[in-house]
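Sequence lines, in order, name chains P and Y. Under the numbering used here, read the first sequence as residues 1 to 402, first letter to last. Under the numbering used here, read the second sequence as residues 403 to 772, first letter to last.
It should be emphasised that the hints constitute simulated quantities derived from the structure, not laboratory data. The structure presented is a predicted model; accordingly, all values stated were derived computationally and were not measured. The reader is advised that the hints may include incorrect statements.
[To be verified] Pairs of lysine-lysine, BS3-like flavour, derived with a Cα cap of 25 Å:
1) K219/P / K237/P
2) K493/Y / K237/P
3) K368/P / K356/P
4) K326/P / K7/P
5) K219/P / K426/Y
6) K7/P / K333/P
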Amino acid sequence: MAISDVKEYTHLTEEEVEQLGRELDAIRAEVEESRCDADAAYINRVIRVQRGLAAAGRLTLLAGLQSRRTRTPAWIAGAGLLGLAKILENMEIGHNVMHGQWDWMNDPEIHSSNWEWDTAQPAEQWKHSHNYIHHQFTNVLGHDNDIGYGVLRMAREQRWHPVYLGQPVFNALLAGLFQWGVALHDLDLEAIRTGKKDPVEMRRQLRQIARKGRNQVLKDYVVYPALSGRQWRSTLKANATANLTRNLWSYMIIFCGHFPDGALHFTEEELEDETRAEWYLRQMLGSANFEGGRLLHVMSGSLGFQIEHHLFPDLPSNRYPEIAVKVQALCEKYDIPYTTGPLHHQYGQALRTIMKLSLPNSMTSSDKPEPPSPSVDRRRRTDAERPRRRTETGGYYRSQSA
Amino acid sequence: MCSLNNVAGTRTVSWDRFRDAGSKLTTPLHPDDYLRLLNPLWTQRELRGRVERVIPETEDAATLVIRPGWGWRYDHRPGQYVGIGVQLDGKFHWRSYSVSSPPQRRGRTIAITVRAMPEGFLSDHLVRGLAPGTIVRLASPSGDFVLPEPPPAKMLFLVGGSGITPVMAMLRTLDRRARSNARAMPDVVLHYSSPTPERMIFREELADLEQRHPSLTVHRLHTDTDGMLSLSTLDTVLDDWRDRDTWACGPAPMLDAVESHWEQAGLADRLHLERFSLELGGDGGEGGTITFRTTGRTAEVDGATTVLEAGETAGVGMPYGCRMGICHTCTLTLVSGTIRDLRNGNEFSQPNEQVQTCVTVPVGDCTLDI
Numbered sequence: 001m002a003i004s005d006v007k008e009y010t011h012l013t014e015e016e017v018e019q020l021g022r023e024l025d026a027i028r029a030e031v032e033e034s035r036c037d038a039d040a041a042y043i044n045r046v047i048r049v050q051r052g053l054a055a056a057g058r059l060t061l062l063a064g065l066q067s068r069r070t071r072t073p074a075w076i077a078g079a080g081l082l083g084l085a086k087i088l089e090n091m092e093i094g095h096n097v098m099h100g101q102w103d104w105m106n107d108p109e110i111h112s113s114n115w116e117w118d119t120a121q122p123a124e125q126w127k128h129s130h131n132y133i134h135h136q137f138t139n140v141l142g143h144d145n146d147i148g149y150g151v152l153r154m155a156r157e158q159r160w161h162p163v164y165l166g167q168p169v170f171n172a173l174l175a176g177l178f179q180w181g182v183a184l185h186d187l188d189l190e191a192i193r194t195g196k197k198d199p200v201e202m203r204r205q206l207r208q209i210a211r212k213g214r215n216q217v218l219k220d221y222v223v224y225p226a227l228s229g230r231q232w233r234s235t236l237k238a239n240a241t242a243n244l245t246r247n248l249w250s251y252m253i254i255f256c257g258h259f260p261d262g263a264l265h266f267t268e269e270e271l272e273d274e275t276r277a278e279w280y281l282r283q284m285l286g287s288a289n290f291e292g293g294r295l296l297h298v299m300s301g302s303l304g305f306q307i308e309h310h311l312f313p314d315l316p317s318n319r320y321p322e323i324a325v326k327v328q329a330l331c332e333k334y335d336i337p338y339t340t341g342p343l344h345h346q347y348g349q350a351l352r353t354i355m356k357l358s359l360p361n362s363m364t365s366s367d368k369p370e371p372p373s374p375s376v377d378r379r380r381r382t383d384a385e386r387p388r389r390r391t392e393t394g395g396y397y398r399s400q401s402a
Numbered sequence: 403m404c405s406l407n408n409v410a411g412t413r414t415v416s417w418d419r420f421r422d423a424g425s426k427l428t429t430p431l432h433p434d435d436y437l438r439l440l441n442p443l444w445t446q447r448e449l450r451g452r453v454e455r456v457i458p459e460t461e462d463a464a465t466l467v468i469r470p471g472w473g474w475r476y477d478h479r480p481g482q483y484v485g486i487g488v489q490l491d492g493k494f495h496w497r498s499y500s501v502s503s504p505p506q507r508r509g510r511t512i513a514i515t516v517r518a519m520p521e522g523f524l525s526d527h528l529v530r531g532l533a534p535g536t537i538v539r540l541a542s543p544s545g546d547f548v549l550p551e552p553p554p555a556k557m558l559f560l561v562g563g564s565g566i567t568p569v570m571a572m573l574r575t576l577d578r579r580a581r582s583n584a585r586a587m588p589d590v591v592l593h594y595s596s597p598t599p600e601r602m603i604f605r606e607e608l609a610d611l612e613q614r615h616p617s618l619t620v621h622r623l624h625t626d627t628d629g630m631l632s633l634s635t636l637d638t639v640l641d642d643w644r645d646r647d648t649w650a651c652g653p654a655p656m657l658d659a660v661e662s663h664w665e666q667a668g669l670a671d672r673l674h675l676e677r678f679s680l681e682l683g684g685d686g687g688e689g690g691t692i693t694f695r696t697t698g699r700t701a702e703v704d705g706a707t708t709v710l711e712a713g714e715t716a717g718v719g720m721p722y723g724c725r726m727g728i729c730h731t732c733t734l735t736l737v738s739g740t741i742r743d744l745r746n747g748n749e750f751s752q753p754n755e756q757v758q759t760c761v762t763v764p765v766g767d768c769t770l771d772i
């Protein structure tokens, strides 16, 4: 059963939930007050490394492909460096900067209001679909468009249709073309199909996507290949490989955030009169971490600390490890589940759900701790139908024109 | 890439246009985002400068010689100030200081002179804690406390303490022109108040200028021993002050006194003031006029209307997100004035500070960059 009341589910009293909220607020305050030089140095270092990797990758391809002797190693090294650079830019830098994690530095060069990332999705649309819709309505059926991204059936409450038999294929396509899937995410294709989308807004968003996408495609598939002369084909393939690597990796990391078995779903009733403390609690119940070393966490944009990220989306990502220790202690104290496991384990569970839910509910069993509730209407809510925006999830705005 | 087509043409390709073309390679970043990693000054994304030298002027004041990076135009007018942003504990803090060096056509550096204020942690850091080589952010010169072109024949500078810095830029400019054109300096009187001789910034240079230019007179007043300048006795100090265009710069009480004295004499239009101390609007009450600089709109608001609401009412296309002070979407740059955060009473008054408009109200008049 998707959860309609987090208090009831966790057997906590209202006072206990509010106390938990105060303790989490205290963790936030402590981190906010201790942000310092070392944190600023961290993000600047990551940015420097990322730009170094990107430049090294491009130069390796441009120069190394020209001689027959160095061609193969240069291709492998170049594609690899570029893939790493794109992963680091999208995940540890872009995603986190756009949440406003580094706005406290008062540095306009590293600020959520103007950061544009190296992927097809325009930052403005990302900040709406992710910072607002996903982070505020996390795992609420019918409200969080990230439950299956409008493509996959990821909750048993979503009504089955024979088209979902193709889910394993859709999943593979989504993984390979992830940046383009993300690029279209804020459009709401279903509203467009049913004619409910405001045509002016749709044209504006499409123009934005077209402009951003064109620049991205030109760079990787026209300009750099053209600069490679006779080796244009190799450069083009290397760039495509780098993009594909980034797509597969970010797809996998993101699917580990809310689709492992321990990450629960909620019904619309939970949103009614939800307090800040209950919002915290929903984030803890709806998110899943994965375990790994420091490098893995940096390469996954610190999303292995998904629970901490959802509690404090705008605190600097380099602080998540220390926050995690405190959050785990709180989970133990209040007897709240803290979902984590090795990366392959978490992704395995997500993949199993994708496969199982391609079939009707009657043919498979649920892996969630609770049985499913009645199915829900999958139509996306417009902003006007949603509860008022409330917390620290990072900003968004709609510009008037593309 | 169109700029590259001009290579064979008569027009040379400008370096800026070449870099803009390079952004096809670096999109969504700009080539400067990479170049600045090779040399921190090689970027126009934000104006930057490198501190070349820190010259102690007095016990508590120092001149910072700064080499600006790309995009800096050395065309400040003598008397103007620049913003300087320094990252301390990870956060950029901004202050404005008068440029003390004269404008240069082929200059490579600018100089600002800073006095460490007792309560000013940033000024103290600038005077004592800034190592040569430090990269700082800069904001373009602004201010209308400037030497007119051409300068009037008779001038009076009324200066208190570190108020000498913009005046020094004017004197140096007059000196340079006098030397290069072999013309005499205009009739200039500088009345310079300072607690002690030791605390007088630029005292040796002023003595040198005074010696070289007969038309420059410097009155030195050491207020610890001789007391403050009383404007009622100004006639005995300088009988022709009414004939002079006057520039006054110093502590707020001094400027208030000067302002009313000149007003009483009916000479307000010949007085130029530079207030370089923080002014809390009126009696510290809340509300005021918000000016939205880029759109040129203004809004009169009380102490309960947020800057965001005021902007929207005035028809400014304000960015907004959560409207609850969390998301930072509404963040704008504060150009001048003071605003208060309704959540915790914190006040923001640094020029170029990023402020969240949805949870802040003006404390007196303020200006925002939108």
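- When the hints from earlier in the document are held up against this structure, which numbers fail? The structure conflicts with hint 2 only, although it agrees with all the remaining ones.
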